[in-house]
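**Student:** Based on the hints, put chain B in the right spot on chain A.
Number of protein chains: 2
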Amino acid sequence: MSLKAISAKDAASLDKDLMDMGGWSLDQLMELAGLSVSQAVWKVHPPSKGKNVLVVCGPGNNGGDGLVAARHLAQYGYTPSVYYPKEGKNELYQRLKTQLHSLSVPFTTDFASALSSTTFVVDAIFGFSFGGPLRAPFGEIVSQIESSSVPVLSVDAPSSWDIQSGPPKEGPGAKFMPQALISLTAPKPCVQYYRGRHFIGGRFLTKSIADKYGLDCPQYPGIEQVLEIGVDAEGRL
Amino acid sequence: MSLKAISAKDAASLDKDLMDMGGWSLDQLMELAGLSVSQAVWKVHPPSKGKNVLVVCGPGNNGGDGLVAARHLAQYGYTPSVYYPKEGKNELYQRLKTQLHSLSVPFTTDFASALSSTTFVVDAIFGFSFGGPLRAPFGEIVSQIESSSVPVLSVDAPSSWDIQSGPPKEGPGAKFMPQALISLTAPKPCVQYYRGRHFIGGRFLTKSIADKYGLDCPQYPGIEQVLEIGVDAEGRL
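Chains as they are written, first to last, in the numbering used here: chain A, 367 to 603; chain B, 367 to 603.
It should be emphasised that the hints constitute simulated quantities derived from the structure, not laboratory data.
Any given hint could turn out to be false.
In silico SDA-like links for lysine to any residue, alpha-carbon gap of 25 Å or less [to be verified]:
| hint | chain 1 | residue 1 | chain 2 | residue 2 |
| --- | --- | --- | --- | --- |
| 1 | A | Lys463 | B | Tyr586 |
| 2 | A | Lys455 | B | Asp383 |
| 3 | B | Lys463 | A | Ala374 |
| 4 | B | Lys452 | B | Pro413 |
| 5 | A | Lys375 | A | Lys409 |
| 6 | A | Lys578 | A | Lys463 |
| 7 | B | Lys382 | A | Leu458 |
| 8 | A | Lys455 | A | Lys409 |
| 9 | B | Lys409 | A | Cys583 |
| 10 | A | Lys541 | A | Glu506 |
| 11 | B | Lys417 | A | Leu593 |
| 12 | A | Lys463 | B | Leu571 |
| 13 | A | Lys417 | B | Leu593 |
| 14 | B | Lys573 | A | Ser574 |
| 15 | B | Lys417 | A | Glu506 |
| 16 | A | Lys370 | A | Gln530 |
| 17 | B | Lys573 | A | Thr445 |
| 18 | A | Lys573 | B | Gln460 |
| 19 | B | Lys452 | B | His467 |
| 20 | A | Lys375 | A | Gly497 |
| 21 | B | Lys382 | A | Ser391 |
| 22 | A | Lys409 | B | Glu594 |
| 23 | B | Lys463 | A | Leu392 |
| 24 | B | Lys417 | A | Ala576 |
| 25 | B | Lys370 | B | Lys409 |
| 26 | B | Lys382 | B | Pro555 |
| 27 | A | Lys573 | B | Ser414 |
| 28 | B | Lys578 | B | Leu593 |
| 29 | B | Lys455 | A | Leu458 |
| 30 | A | Lys417 | B | Tyr586 |
| 31 | A | Lys415 | B | Pro587 |
| 32 | B | Lys417 | B | Ser574 |
| 33 | B | Lys382 | A | Asn456 |
| 34 | A | Lys463 | B | Lys573 |
| 35 | A | Lys463 | B | His467 |
Pulled out of the complex, with its shape left as it was, chain A reads as follows (with noise of 0.2 Å):
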């Protein structure tokens, strides 16, 4: 199964309409965003696996989506810890923090020492509106990240690929693989440089906008709301 792609242009063009026309909030669609993520996060490691769950999070929307993730990660009994070093000013992302705190969910400082503990990262740093390069302190993260034996699920797109044309040619993600990827919506052109376990997330498509901009309308099974529509090296779904 592969789904079109959509570029990073028309990706934040359809948000926009989602939102200006479909009537929706940032806080509705990031919610859904952040639970795909998490159903995504059980699929792939489920607590059997580790309950140290390490969300690593951009100032953005990714970012936004890697705290709605936490969230439910903790209700699902994860034990998960957030990275969080350049916070977004958005008073959005202030109250998914606070909705955090009531649920003890820690925040680290201490990235290596979080990542040296953990059993999973997910990567929520940056998404489709990424354009490089990576300011300090996520080429570092990276780095970090791309070097460690932990599996790792990106949301969107793996942190550090350029949207169009994928991994750097060298530096910090040149050889970054996560095990996973969620695609929000619908896959970025990035992903064909992927290999590894993919998903979709973000049950909020209808026809029409995925009429006017060309995608497919996942069929999402049951009452899921993440879909895993990827073959990996192996030729395993």
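**Tutor:** Okay, now just chain B, sitting in the frame of chain A:
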């Protein structure tokens, strides 16, 4: 399994705590509440039993939960329709309507006809803030639902029931016993008069809030947003 009940007054105070101190927006709470409702519908009445679901929405937040549920049901492949005779003024409700229009979910004004052609009803008319009496057109609506053989899931409380003392002694709702009930956050005292399948939803309660109000934290299975807690009159879970 039984869970401690929460009074209408405490339920209102709890929601206020979540929003004033817990960092939640109404958009987020309603999204997860409505998602829970949609998952309970799936369990009670999967699409194989009939895809036509009539969602009856009242003017307040209970109706808003119904609107969110209708959207998720449309995404699941049901063909929901909505009866919403007294629209809430809150701009959130208007946005939820827009979202449903985008999914081509019809809003009906002919309740009797809609009821006769549906396979399932979601009663999202009144929740914990209901203080009676049933104002028009809801007295007539409850009477029609009550005398119909179509199975019903009520959201938070069977509409017309007093939140503390249960079904009215006479008039519309006196014999109303929906096949299923989903309590949001915690059961309301009137559940003691209820016999049928009973679910709990609203997976956003924290231990500190539960402790403050003397509630239980439901042990939701896996990634599910709904938990069946009830035993019906025949002793089936």
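**Student:** A separate judgement is required for each hint: does it hold in the structure or not?
**Tutor:** Hints, one by one, checked against the model:
| no. | hint | result |
| --- | --- | --- |
| 1 | A:Lys463 <-> B:Tyr586 | 23 Å, holds |
| 2 | A:Lys455 <-> B:Asp383 | 23 Å, holds |
| 3 | B:Lys463 <-> A:Ala374 | 29 Å, violated |
| 4 | B:Lys452 <-> B:Pro413 | 28 Å, violated |
| 5 | A:Lys375 <-> A:Lys409 | 30 Å, violated |
| 6 | A:Lys578 <-> A:Lys463 | 35 Å, violated |
| 7 | B:Lys382 <-> A:Leu458 | 17 Å, holds |
| 8 | A:Lys455 <-> A:Lys409 | 32 Å, violated |
| 9 | B:Lys409 <-> A:Cys583 | 24 Å, holds |
| 10 | A:Lys541 <-> A:Glu506 | 14 Å, holds |
| 11 | B:Lys417 <-> A:Leu593 | 22 Å, holds |
| 12 | A:Lys463 <-> B:Leu571 | 16 Å, holds |
| 13 | A:Lys417 <-> B:Leu593 | 22 Å, holds |
| 14 | B:Lys573 <-> A:Ser574 | 42 Å, violated |
| 15 | B:Lys417 <-> A:Glu506 | 52 Å, violated |
| 16 | A:Lys370 <-> A:Gln530 | 14 Å, holds |
| 17 | B:Lys573 <-> A:Thr445 | 14 Å, holds |
| 18 | A:Lys573 <-> B:Gln460 | 21 Å, holds |
| 19 | B:Lys452 <-> B:His467 | 17 Å, holds |
| 20 | A:Lys375 <-> A:Gly497 | 11 Å, holds |
| 21 | B:Lys382 <-> A:Ser391 | 20 Å, holds |
| 22 | A:Lys409 <-> B:Glu594 | 23 Å, holds |
| 23 | B:Lys463 <-> A:Leu392 | 16 Å, holds |
| 24 | B:Lys417 <-> A:Ala576 | 23 Å, holds |
| 25 | B:Lys370 <-> B:Lys409 | 23 Å, holds |
| 26 | B:Lys382 <-> B:Pro555 | 20 Å, holds |
| 27 | A:Lys573 <-> B:Ser414 | 23 Å, holds |
| 28 | B:Lys578 <-> B:Leu593 | 22 Å, holds |
| 29 | B:Lys455 <-> A:Leu458 | 23 Å, holds |
| 30 | A:Lys417 <-> B:Tyr586 | 17 Å, holds |
| 31 | A:Lys415 <-> B:Pro587 | 17 Å, holds |
| 32 | B:Lys417 <-> B:Ser574 | 40 Å, violated |
| 33 | B:Lys382 <-> A:Asn456 | 22 Å, holds |
| 34 | A:Lys463 <-> B:Lys573 | 17 Å, holds |
| 35 | A:Lys463 <-> B:His467 | 33 Å, violated |
Checked against the numbered hints given earlier, the structure breaks hints 3, 4, 5, 6, 8, 14, 15, 32 and 35 and satisfies all the rest.
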